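Colleague: Chains as they are written, first to last, in this note's numbering: chain H, 2 to 240; chain Z, 2 to 240; chain F, 2 to 240; chain E, 2 to 240; chain P, 2 to 240; chain W, 2 to 240.
Because the hints were derived from the structure by calculation, they are not lab data. The structure displayed is predicted, hence computed values, not measured ones. There may be inaccurate statements among the hints.
What the hints assert, rightly or not - List of simulated lysine-lysine pairs, BS3-like, C-alpha gap at most 25 angstroms:
| hint | chain 1 | residue 1 | chain 2 | residue 2 |
| --- | --- | --- | --- | --- |
| 1 | H | K223 | Z | K113 |
| 2 | E | K235 | E | K223 |
| 3 | P | K239 | E | K135 |
Number of protein chains: 6
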Amino acid sequence: MDPITDDLRALLRRCSVATLCTQLFKRGFRNTVIQGVRPLAQGPELMVGEAFTLRYIPAREDLDHLGVFNDPAHPQRRAIEAVPPGQVLICDCRGDASAASGGSILLTRLSKRGVAGFVTDGGLRDSPEIAHLKFPVYFGGPAPQLNLARHHAVDMNVPIACGGVAVFPGDVLVGDGEAVIVIPRHLVNEVAPDAAEQEQLEEFVISEVRNGASIVGVYPPKEAALARYQEWRKRGGKN
Amino acid sequence: MDPITDDLRALLRRCSVATLCTQLFKRGFRNTVIQGVRPLAQGPELMVGEAFTLRYIPAREDLDHLGVFNDPAHPQRRAIEAVPPGQVLICDCRGDASAASGGSILLTRLSKRGVAGFVTDGGLRDSPEIAHLKFPVYFGGPAPQLNLARHHAVDMNVPIACGGVAVFPGDVLVGDGEAVIVIPRHLVNEVAPDAAEQEQLEEFVISEVRNGASIVGVYPPKEAALARYQEWRKRGGKN
Amino acid sequence: MDPITDDLRALLRRCSVATLCTQLFKRGFRNTVIQGVRPLAQGPELMVGEAFTLRYIPAREDLDHLGVFNDPAHPQRRAIEAVPPGQVLICDCRGDASAASGGSILLTRLSKRGVAGFVTDGGLRDSPEIAHLKFPVYFGGPAPQLNLARHHAVDMNVPIACGGVAVFPGDVLVGDGEAVIVIPRHLVNEVAPDAAEQEQLEEFVISEVRNGASIVGVYPPKEAALARYQEWRKRGGKN
Amino acid sequence: MDPITDDLRALLRRCSVATLCTQLFKRGFRNTVIQGVRPLAQGPELMVGEAFTLRYIPAREDLDHLGVFNDPAHPQRRAIEAVPPGQVLICDCRGDASAASGGSILLTRLSKRGVAGFVTDGGLRDSPEIAHLKFPVYFGGPAPQLNLARHHAVDMNVPIACGGVAVFPGDVLVGDGEAVIVIPRHLVNEVAPDAAEQEQLEEFVISEVRNGASIVGVYPPKEAALARYQEWRKRGGKN
Amino acid sequence: MDPITDDLRALLRRCSVATLCTQLFKRGFRNTVIQGVRPLAQGPELMVGEAFTLRYIPAREDLDHLGVFNDPAHPQRRAIEAVPPGQVLICDCRGDASAASGGSILLTRLSKRGVAGFVTDGGLRDSPEIAHLKFPVYFGGPAPQLNLARHHAVDMNVPIACGGVAVFPGDVLVGDGEAVIVIPRHLVNEVAPDAAEQEQLEEFVISEVRNGASIVGVYPPKEAALARYQEWRKRGGKN
Amino acid sequence: MDPITDDLRALLRRCSVATLCTQLFKRGFRNTVIQGVRPLAQGPELMVGEAFTLRYIPAREDLDHLGVFNDPAHPQRRAIEAVPPGQVLICDCRGDASAASGGSILLTRLSKRGVAGFVTDGGLRDSPEIAHLKFPVYFGGPAPQLNLARHHAVDMNVPIACGGVAVFPGDVLVGDGEAVIVIPRHLVNEVAPDAAEQEQLEEFVISEVRNGASIVGVYPPKEAALARYQEWRKRGGKN
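Here chain H stands alone, though its shape is the one from the complex (with noise of 0.2 angstroms):
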């Protein structure tokens, strides 16, 4: 699978999950947003990338003592090193978020190494310290326990959950100020012009609300508000 090229995340850019999440729902998608998630950090941009899956069980006794952690091989630690920059980790913690699914050093050499962002519907230890990496981080709250305690890393880039949601490696992953969307990889390169231009139209519509239209005739928009949009884009999205 090639990577998704800059133009498709450039256009993903400029959309909101809630955008994404009609053309999903117009093409008859209706379960695509992870739930019980949460931003926890933001960077510069919203998070984009291919999805680059991590997957837990519950945790065992006799398996997840401190000492895994000194395997080089332990599934959470080699998937930090190995989630290709651009991607975004994502686990599957069965949104258990009474445990971490990584912490303050973990979540800085992400960043460090130009992956994409990180989605976990386990929890997060750190959190006050991940809040100021500027890196899209989303989760299922805060949980200074160790993963070990209840989750026991077990494979990578499998298909897996992720908040009720089913996410398969390649998957691309949107996250804005309020949620992340999961897009199915075969229609990504539809579903982002289309979002792209919905944009447009609803930034037309709520400029008009502003100036005290009424909903009726505009959202959505008649034939007399589809003319006034062209007009509107003509002018550069101005009114």
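Starting from the known structure of chain H, fit chains Z, F, E, P and W onto it as the hints suggest.
Modeller: For chains Z, F, E, P and W alone, coordinates are given in the frame of chain H:
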């Protein structure tokens, strides 16, 4: 039902939801605060207004497609233009915040129309934009998914449940930085002055406690403290 | 039981809850972080203090009316004046945050009395005001409803549950910007120095990672990294 | 809306809810089974009937006292006498089964009136007695607490939510030993025969599997199995 | 506190929990039925007895190991031998039924000792065996995990929470095939006769409904029905 | 990995899940019982067998349509024919029992193939029919909705989560009338005989308790009781 008076609004704006809660508790009401709902945006003053209700039931795939918004009679869109200025639009989404019950366009329109606020126990999309409106908004959480994916708008101005509380059209809703309370309409004229009085007494109590007083004899105030309170009121609420 | 020493307090204040968690995990404790509780207000330093407990059971209509606060022996009011300076008042509200276990007057009083902090797995009313106190407060969420509506204060200084964790009077509570941990009293003297040492090592690790190091061989540190760490310590913790 | 015919009832009684579910899934409906509701009592046949709805909102202390039942216009009591024979009374209790939405007297009355069944996502009191009625009853759980403690009956024959599913008056409800499904009224005439056909095919498949067949080529059936199925039908469904 | 009399026990045994619930609701009590707890075993009669309480807090790994049962002063084991015959042992497990609060040996011992019943909002192990005891047992669910894994027995005969309800030692517990109710001790002498009277009236009402009467004028009974009721009573409760 | 021996199976069949739980607890394992799963059907003996796993992630509308079952390589269908006789098919449905992970046809096939049992933390359709199979089945609840509506079968024989417990292929599953336990494979040879021994001791203890013994000195047994136990064993387990 006559609209509530400006005097009553002013009186209620001097009261916290906590204080109004105590007044309703005194009168035998134990379930008055909308649960699972928090402030997203705040106006320049506390939110005060009569309830104008909108009811959703679960979505059904054949009824809830994007085409429905072309119908100006769609209950959600109709409610946005129908709620009278000074009232609060409040939605029953069955506490399901996994999909939106509105977004920045609709909320902007409400704020432009002079509506007093918006409350939903469902989600809201475009929540980062809505947070910048100078308009009281209370919600169940950010949800980029559009309402059609989970919620079917069915009727308006009927009694509803919101966050586990009964809301009848015309009930008075007050929202502060903490929560929203539902005051049964027939009680608001007696609850408001009692709550305002309680606010003043508690302001006195906290000033004493800030000055080092024990709570014994002061909270609740016994005779000596009540005498000091009368002095304090005469001094215009200064220690 | 003697109070904990100032040296021990100072040592604990240099440790995050996450680090203390690791130290207790090492010793076989997997359930040490209070769940469902988050910071509302912060003092100038981390919260450190011995647990002074207050236990609630569900309210009963005939027992829990506003008149009870006229009795200075009411356990909630008594606890406010009884918790010794330097200790933390911690409440068992059975994880029910739909009603308050305190408000701004009681919390102000605690802060004036030199108490070390307040923790509840119930709610708090007047939460926007409490957020401005320079006093460590951890809670289950904003709840304008008064405690009498759900909670009956029953006794103090007995072992309790708080957020799913056992808390014995005298256990040491540490709270940072993320969470509160319960350190069994008999372990605090060995846990504190080990945690402080771990903090320093992790500070070194993160400085290396910020400089571009891979986590391999560094986190956890192998021989070479440990040698660099010793150098770093000699240099006073500077790269 | 005409009542459903006896032929249609007979056809639906030959179908399990699971099979009807598959037929609706085929047509794009994924949310058709009432959640959190289980059988309490069974009639001599599967429950089949049109939905007659009753809606509850949360109780309010001043409105919901024992005196209300003296009013024959109370919606709950009115619904009991108003639901036509052959229809199913279905209640929206917001999924709160901590209080009843009926008891043995009301359920006995429904069974005497020739009503087709009763469904609630709330509780039922006197559940051990109701279990002995020869009458289809589905409920959220036993709840001796009376409805007034949590539920305020507000209106009937409006669209409702029940167990997370939209129910419009006149929709066809089918209940078996497992669950209740809501069939949108306009689809019932096409869904019923397809489901009855599917039942027959699955009866054939299970007879083959009982005889030792692998599921490969049999479930779903490929050409050879379909040929055997045609033979089996000719033989009157015997192996 | 004197034990309850045999007459009172006999009176209460003629009442369902639902009826007792109505009587307490009438007196302003809305939270009287233990939630999340169901019958596992039944004795020959309804369970009636005074509450003898046992309180658990969360387990701690160093305190809750198998060795503790060697100590005859362990609160769980002590409670088994201490609860007086005729009383009910009721446990506060914080509603956590993922571990047991007893098993077949302890429950058998209770039944041999003449204890009136056992109630827990935690789990029970050996539940299939316990189901065969002729002894009233109510529980949160089957849980083979031993109590030490989650629950630390801490004290007995203190006020507790069980299934969301306050239970004071000496309160009267009544359990039928549906649920367990907590009757505040000071009310039992007035509640019992009123409930027994209500039972008789409802027996009459249901007999009329079985004979085809409408509920209008009968439930609740108006003048004519009340007259028939008086006749019915004279006839010794026969139609 | 060699299959477990018939001797080991026989030994495990003499042990309840509760007893096996105690043995694992003794060895430091606190999370061994599958949560949220209950028996639906029982075979002639306790379920004992090695885990053969099937993993589901959330469904996606474009991937999970009825056509997929035409593909014999579909993981769910493949697993049904692939699980070796004597092993248990266990499914990870993320604890979501709102849709099925099988129905009567597939379960009948498993029972015909000599498979040892079936466990899912999802739902099952046709549950009333399955309840009549003489085959051990454990499930999260009845769910007529087909798996495609919520679950996407993704791979088999990988480590999974089931009901909050880690399950590795080859782990030994034991199920009785109460629950299912997961015994890590490397421990089963030591756990089984110890559990069988414990069963015998507890049989003795319960016989003493049935004869009126106090639990003091008997449970756990002190010297005198242990002596009687040795006698009892010599007598072949008779009092």
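Colleague: Against the earlier hints, flag every one the structure doesn't satisfy and list their numbers going up.
Modeller: none
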